[in-house]
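A.B. asks: Using the sequences and the accompanying hints, generate a full structural model.
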Amino acid sequence: DQQVKQNSPSLSVQEGRISILNCDYTNSMFDHFLWYKKYPAEGPTFLISISSIKDKNEDGRFTVFLNKSAKHLSLHIVPSQPGDSAVYFCAASSNFGNEKLTFGTGTRLTIIP
Amino acid sequence: EPEVTQTPSHQVTQMGQEVILRCVPISNHLYFYWYRQILGQKVEFLVSFYNNEISEKSEIFDDQFSVERPDGSNFTLKIRSTKLEDSAMYFCAPLEGDTQYFGPGTRLTVL
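From first to last, the protein sequence lines are chains A and B.
Take the first sequence: its position 68, counted from the start at 1, is 68 in my numbering, and no numbers get skipped.
Take the second sequence: its position 6, counted from the start at 1, is 6 in my numbering, and no numbers get skipped.
Just so you know, these hints were derived from the structure itself, not from any lab.
For every residue, glycine included, the Cβ atom is placed at its ideal position computed from N, Cα and C.
Hints are supplied without guarantee of correctness; some may be wrong.
Under 8 Å between C-beta atoms, here's a sample of chain B residues computed to sit facing chain A [claimed, not checked]:
#1 His29
#2 Tyr31
#3 Lys42
#4 Val43
#5 Phe45
#6 Ser48
#7 Phe91
#8 Leu95
#9 Phe102
#10 Gly103
C.D. replies: Here you go:
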């Protein structure tokens with residue numbers, strides 16, 4: 001039961017260009033969405049989040065877009081830097097963040113110098 | 001962002017043995033979560049803890065698992081009789097505001 005899907009297992013982007021990572025969800029009860037970055041053998045690091053009352057949230061180089069009608073969100077990183085190379089997980093919860101997180105399967109982003 | 005430590009960083013155990021994984025948040029948190037990630041798979045929810053009680057648990061969190069807050073600041077996840085399939089990274093995550101911040105994890109290897 002994949003309630004949160006990341007259909008691209010990997011993505012390669014040239015340094016300085018925009019990276020776009022996508023995530024789809026099926027559960028209409030989700031109202032809080034987060035992106036985490038993860039390196040091997042480390043814990044997920046929180047990047048940015050968005051609640052269902054918004055359609056965009058921006059923090060520095062990171063912007064998350066939410067399309068509730070399509071049940072789709074995306075993370076934009078611009079400009080992409082070599083340090084951005086990692087696995088990115090999309091996660092969703094209900095009750096505005098007070099419930100468990102349901103994670104996607106992750107997208108491995110590689111920034112090419 | 002809360003500072004969370006987890007000990008041990010790596011635990012190797014024999015099948016059938018008990019393990020205790022520890023998590024220390026610096027600040028008090030009412031909501032607390034445990035997750036695990038089997039190698040190559042996605043992060044999975046195990047259990048949530050609110051105000052010193054379990055508020056929700058997943059199918060994975062069977063009778064072999066237990067969670068406690070023994071002294072008001074440490075959180076522990078105990079696996080009574082480990083199985084090979086328990087080998088994974090285990091993460092604790094306190095809730096601060098509307099965001100769960102993950103600890104560095106404990107790698108559990110069951111032989």
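A.B. asks: The structure should be examined with respect to each hint, and the outcome stated for every one.
C.D. replies: Here is how each hint holds up against the structure:
1. Hint on histidine 29 (chain B) is violated. Least Cβ distance to chain A is approximately 12 Å, over the 8 Å limit.
2. Because the smallest distance between the Cβ of tyrosine 31 (chain B) and any Cβ of chain A comes to about 6 Å, under 8 Å, the interface hint for this residue holds.
3. Residue-level restraint check for lysine 42 (chain B) holds (minimum Cβ-Cβ distance to chain A is 5 Å; threshold 8 Å).
4. Annotation: interface hint on valine 43 (chain B) holds; nearest CB of chain A at approximately 4 Å, less than 8 Å.
5. Against a cut-off of 8 Å between C-beta atoms, the interface hint on phenylalanine 45 (chain B) holds, since the closest Cβ of chain A lies about 4 Å away.
6. Because the beta carbon of serine 48 (chain B) sits about 6 Å from the nearest beta carbon in chain A, less than 8 Å, this interface hint is met.
7. At a threshold of 8 Å, the smallest CB-CB gap from phenylalanine 91 (chain B) to chain A is about 5 Å, leaving the interface hint in force.
8. Look at leucine 95 (chain B): its Cβ gets to within about 7 Å of chain A, closer than 8 Å, so that hint holds up.
9. Hint on phenylalanine 102 (chain B) holds. Least Cβ distance to chain A is approximately 4 Å, under the 8 Å limit.
10. Because the closest C-beta pair between glycine 103 (chain B) and chain A is about 5 Å apart, less than 8 Å, the hint holds.
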